[in-house]
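Colleague: These are the residues of each chain, in order.
Protein chains: 6
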Amino acid sequence: TPESAERTALPGVATGLAVTGAGGDVLFIEASLADKETGPTGVTLTGQLGDVMKESAQIALSYLRSHGAELGLPVGDLAERNTHIHVPAGAVPKDGPSAGVTMTTALASLLSGRPVRSEVAMTGEVSLTGRVLPIGGVKQKLLAAHRAGLTTILIPKRNGPDLEDVPASVLAELTVHPVSDVREVLDLALVPAQVETRQYAA
Amino acid sequence: TPESAERTALPGVATGLAVTGAGGDVLFIEASLADKETGPTGVTLTGQLGDVMKESAQIALSYLRSHGAELGLPVGDLAERNTHIHVPAGAVPKDGPSAGVTMTTALASLLSGRPVRSEVAMTGEVSLTGRVLPIGGVKQKLLAAHRAGLTTILIPKRNGPDLEDVPASVLAELTVHPVSDVREVLDLALVPAQVETRQYAA
Amino acid sequence: TPESAERTALPGVATGLAVTGAGGDVLFIEASLADKETGPTGVTLTGQLGDVMKESAQIALSYLRSHGAELGLPVGDLAERNTHIHVPAGAVPKDGPSAGVTMTTALASLLSGRPVRSEVAMTGEVSLTGRVLPIGGVKQKLLAAHRAGLTTILIPKRNGPDLEDVPASVLAELTVHPVSDVREVLDLALVPAQVETRQYAA
Amino acid sequence: TPESAERTALPGVATGLAVTGAGGDVLFIEASLADKETGPTGVTLTGQLGDVMKESAQIALSYLRSHGAELGLPVGDLAERNTHIHVPAGAVPKDGPSAGVTMTTALASLLSGRPVRSEVAMTGEVSLTGRVLPIGGVKQKLLAAHRAGLTTILIPKRNGPDLEDVPASVLAELTVHPVSDVREVLDLALVPAQVETRQYAA
Amino acid sequence: TPESAERTALPGVATGLAVTGAGGDVLFIEASLADKETGPTGVTLTGQLGDVMKESAQIALSYLRSHGAELGLPVGDLAERNTHIHVPAGAVPKDGPSAGVTMTTALASLLSGRPVRSEVAMTGEVSLTGRVLPIGGVKQKLLAAHRAGLTTILIPKRNGPDLEDVPASVLAELTVHPVSDVREVLDLALVPAQVETRQYAA
Amino acid sequence: TPESAERTALPGVATGLAVTGAGGDVLFIEASLADKETGPTGVTLTGQLGDVMKESAQIALSYLRSHGAELGLPVGDLAERNTHIHVPAGAVPKDGPSAGVTMTTALASLLSGRPVRSEVAMTGEVSLTGRVLPIGGVKQKLLAAHRAGLTTILIPKRNGPDLEDVPASVLAELTVHPVSDVREVLDLALVPAQVETRQYAA
Ligand SMILES: [Ca+2]
Ligand SMILES: [Ca+2]
Ligand SMILES: [Ca+2]
Ligand SMILES: [Ca+2]
Ligand SMILES: [Ca+2]
Ligand SMILES: [Ca+2]
Ligand SMILES: [Ca+2]
Ligand SMILES: [Ca+2]
Ligand SMILES: [Ca+2]
Ligand SMILES: [Ca+2]
Ligand SMILES: [Ca+2]
Ligand SMILES: [Ca+2]
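So the sequences go chain by chain: A, B, C, D, E and F.
Mapping to the numbering used here: the first sequence position 134 is 147, numbers consecutive.
Mapping to the numbering used here: the second sequence position 136 is 149, numbers consecutive.
Mapping to the numbering used here: the third sequence position 29 is 42, numbers consecutive.
Mapping to the numbering used here: the fourth sequence position 4 is 17, numbers consecutive.
Mapping to the numbering used here: the fifth sequence position 129 is 142, numbers consecutive.
Mapping to the numbering used here: the sixth sequence position 178 is 191, numbers consecutive.
Note that these hints are calculated values from the structure, not bench results.
One thing to keep in mind: the hints can contain errors.
Chain copies aren't distinguished; within one or between two, either way the pair holds.
In the EDC-like style, the derived pairs of lysine to aspartate or glutamate whose C-alpha atoms are separated by at most 20 Å in a straight line are [as the list claims (entries may be wrong)]:
{"#": "1", "residue 1": "Lys152", "residue 2": "Glu132"}
{"#": "2", "residue 1": "Lys67", "residue 2": "Asp108"}
{"#": "3", "residue 1": "Lys107", "residue 2": "Asp64"}
{"#": "4", "residue 1": "Lys49", "residue 2": "Asp90"}
{"#": "5", "residue 1": "Lys152", "residue 2": "Asp108"}
{"#": "6", "residue 1": "Lys49", "residue 2": "Glu93"}
{"#": "7", "residue 1": "Lys152", "residue 2": "Asp38"}
{"#": "8", "residue 1": "Lys170", "residue 2": "Asp194"}
{"#": "9", "residue 1": "Lys49", "residue 2": "Glu83"}
{"#": "10", "residue 1": "Lys170", "residue 2": "Glu19"}
{"#": "11", "residue 1": "Lys170", "residue 2": "Glu16"}
{"#": "12", "residue 1": "Lys152", "residue 2": "Asp175"}
{"#": "13", "residue 1": "Lys152", "residue 2": "Asp178"}
{"#": "14", "residue 1": "Lys170", "residue 2": "Glu197"}
{"#": "15", "residue 1": "Lys107", "residue 2": "Asp38"}
{"#": "16", "residue 1": "Lys152", "residue 2": "Glu177"}
{"#": "17", "residue 1": "Lys152", "residue 2": "Glu186"}
{"#": "18", "residue 1": "Lys170", "residue 2": "Asp200"}
Let's have the full structure, built from the sequences with the hints guiding it.
Modeller: Next comes the structure, spelled out in structure tokens:
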């Protein structure tokens, strides 16, 4: 879709799904790393995040700090550059654990330099070992993704039964991937790394 | 106008627009960098800022810490000199995300040494990737800018439709720029850098 | 059981037992150590833990910081790598001292590289000297463990009399070990270290 | 007056004006720098100051940290010696932005070694760029200054119209200086630096 | 008694006396020092301690930090190893100053390597100079100590008159030492250091 | 008196006067410096002190950090040794600025090694420049000092008129010194330094 294409054009932004009082909604999770020469390191979280969502960010970071090297990510950047995760819109309070996979994906995208596919949205809690745990609001989230023109949706495997509640006409236009480990999320969501040999092509 | 001309005479001050209980209002956002020999570095925020507005300041700083070097700004100063952002009047509580572009502009003005144009006012939320997101109160803000004699107004592109609500007589006396990226804001708001060759003129 | 087998497949996860409003429940306590090159060290606790449960984590860590070397654990890792303890599900508030043995076991598993046996669940407060102190809800916890297919249960020795309240048909299918020192817990819960000589086998 | 003469005899104390429930009052703002060998540096604020008044102190310090060197002040002391600002009486809560000029003056007096003139009292908010912004209670403050025997009063230029409310008989005995920049305050309030050549006089 | 004998078998645990809603009770105060290679130093306090009881721990530590060397204790350990004081049961809130002597004794036991005598219980506030100040609940505390089989009880000298309220039959089975300085407490409560020459015996 | 003689026998303890719900009372303010090898430095305040009283302690410390060297005190100790100020009884909340002179005296006594005279009690707020400011409750405080057998009382000069309210029979047995600067307090309260030449006497 136009918006997700614009928002995820550069590495560091992933498309999540949320439940609001008015149904489901799409949200974009942005991650950035400060240039090294700009000062102190640490983690900055903004977007009026509630306690549970702040913990999700800590879990996403700890997952990458203990497993990111195995995934080939340059995790030393997390030590040397201030990490900031922001969830617009700035004035809207947000909470809950279901952005865990989206936060992990935004950070992995930023570290890898691989943008997130613009047609992909995702939802799921992540545990410290990378397991994708079930969340609520699958029906509203898929309807929101569909309305926004997103076509590939990643949901926790244990939420599979909730797909029954989604109208068949909507499901027919979506590719839904039930996942149980955040590595599957990263494989499905990130644009493949550019083939290195292209650089040397004549 | 006299006041904005005085207030923005030196780099580090940008003119923003706010909504208050009594309509719109102009506010000046001031940024300063402590001299290096005066001690510890960090970020100081004053002006009775609410949580959302404090987060806007963190986003403005993180944007410059990750993208400022690309804009030619001496971002190493943010590491070596304490950064202070203040929004007078000191006793008036302020909140909301719409000062994001103004804070980013005040900081970029300070770092670049380029003052903000005295006829320019602005409003808009900024995301971590520099996108300008829509805000509220466009009508009241433009009326306030007009009353204050400001003539060039920067608003988020997605607030374009709100211009319909502004009286034509007012709009006729304003140049309104809808913007979608904070780089456009900086291009429009900052006085161009002095031509270096002048220094060498005989 | 399938779930505990999956969850405890790798070192760093231990199976605990809790009492909820709806009876007993199984919970998995996850521990991780960040790779050294990823930045600052310290302790991160997540999972919406209450004050008493956060203190349990501090006690578990202090126990290992003063007694872990005697148990042959590489406790220097606690200084050089950020330690994170998480208790899913992320949005469910949890409290109480009875996860002390489970937290100690998850950390000892992680440090030793020895996974926790998948058939073992445990409950018990731990003191700073490693004593296992009595807890509440033995009946509900054992019923929950039984429902989840867990077969070896570690409880505080001083809770022995509470076993009278557990239906004989359930007890018949469980092996219950009353323990008084956390060293007994570790001996019973951790898979033995692999025989080193296998590495050199031809 | 006797009291302000005693209180401002040494550098580091400036006479301010406040509004209380019972009219106006004179208050003395004290600043001190710890000797270097006495330990950690930082900023200590005491006197039961409210949030706005604490921010005034931060603004005064940042103003001097970025502009003090231009004024010839030894601002490196702010890095190397703990800075303490205190406003007696210790048990009386105080708040508001109008002590900004007084705090800036007390600090500049301390750094310069130039005492504050004993006949001078002042009131005014200070911005980060050194502008003196308008405050409330001009009438009560001038009456209080007059009662206390103070004869030279510095007020914000934008408060000029408030002088109409002050009885002519009082105004006739006061010299009131409306000021718009804190540099004017320092010029008017600080005793001139001793002529250096006196030290070498025979 | 069996429990205090087990609990105080190793250095670092002292037996205190508390007043609860249900009369008096015995509590065990545990202290531990982390191994140096396990990371950052500081003080950890757990056991749901109230503000006054946390201050007692700070006083006990400061007493040993300023007077411990005079008592021959290796106080450098307090700088190099994280100090943890815990008071089980973990979920029971505790407060009040009367555990001061017990905390001081647990720490001195740990530092000296001398266990606390298993028949000794104690109660008393400690001041920063080591004075033992009077406390409440002497009768309930002595009854609780007696029920628990403890036989030597240390109380503040100024609580002497409270012994009148204790049944003569109970007092007859207790040795009560009124003390006024914490040094007396340590002399009475700690097992004498092992005679060094035994190590060299043939 | 016996109690103040015991309490102030060693340097670092000064006798203050307070007003309670039940009239006046004597309190002892204790100061200690940790031995250097015991770890981190800073300031610890205990005794259930309220905000104003904690600020009094900060003012006392800052006064000595900026003026103590002029008084011949070894103020470098404040940097190298943790400073603790405690006001027993530990469980009694205390507040107000009138212990300022007593805190300053306890610290100066500790640093100088000169004990506080056992017959002296004092009350008075201290400002950052060492001025002794007036306090409340003079009558109750003097009655309490008299009851406790204290004979030399230091009060703020501006409280002189309050002596009218004290019964003549009590005043006749007291020596009251009205003071305006904390240096007078130290001169009157501290036992003179021992004559150095005694050390070398044959
Ligand atoms: Ca790893
Ligand atoms: Ca989501
Ligand atoms: Ca960059
Ligand atoms: Ca539990
Ligand atoms: Ca050990
Ligand atoms: Ca458990
Ligand atoms: Ca400057
Ligand atoms: Ca003022
Ligand atoms: Ca000592
Ligand atoms: Ca006790
Ligand atoms: Ca000095
Ligand atoms: Ca006092």
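Colleague: Now tell me if each hint is right for this structure.
Modeller: Here's how the hints hold up against the structure:
1. Lys152 / Glu132: Answer is within: at 18 Å inside a copy they meet the 20 Å cutoff, but 36 Å across does not.
2. Lys67 / Asp108: Both ways: Lys67 and Asp108 sit 8 Å apart in one copy and 19 Å across, limit 20 Å.
3. Lys107 / Asp64: Both: 9 Å inside a chain and 14 Å across chains, each within 20 Å.
4. Lys49 / Asp90: both (9 Å within a copy, 12 Å between copies)
5. Lys152 / Asp108: Within one copy only: 18 Å inside, 32 Å across.
6. Lys49 / Glu93: Classified as both: same-chain Cα gap 6 Å, cross-chain 12 Å, threshold 20 Å.
7. Lys152 / Asp38: Classified as within: same-chain Cα gap 11 Å, cross-chain 27 Å, threshold 20 Å.
8. Lys170 / Asp194: within (9 Å within a copy, 38 Å between copies)
9. Lys49 / Glu83: The answer is between: 14 Å across copies meets 20 Å, while 24 Å in one copy does not.
10. Lys170 / Glu19: The answer is between: 14 Å across copies meets 20 Å, while 29 Å in one copy does not.
11. Lys170 / Glu16: So Lys170 and Glu16 pass the 20 Å test across copies only (13 Å; inside, 27 Å).
12. Lys152 / Asp175: Close inside one copy (7 Å), not across copies (33 Å); limit 20 Å.
13. Lys152 / Asp178: within (6 Å within a copy, 37 Å between copies)
14. Lys170 / Glu197: within (11 Å within a copy, 37 Å between copies)
15. Lys107 / Asp38: within (12 Å within a copy, 28 Å between copies)
16. Lys152 / Glu177: Within one copy only: 9 Å inside a chain, 37 Å across chains, cut-off 20 Å.
17. Lys152 / Glu186: Answer is within: at 14 Å inside a copy they meet the 20 Å cutoff, but 41 Å across does not.
18. Lys170 / Asp200: within (16 Å within a copy, 35 Å between copies)
The structure fails none of the hints (numbered hints given earlier).
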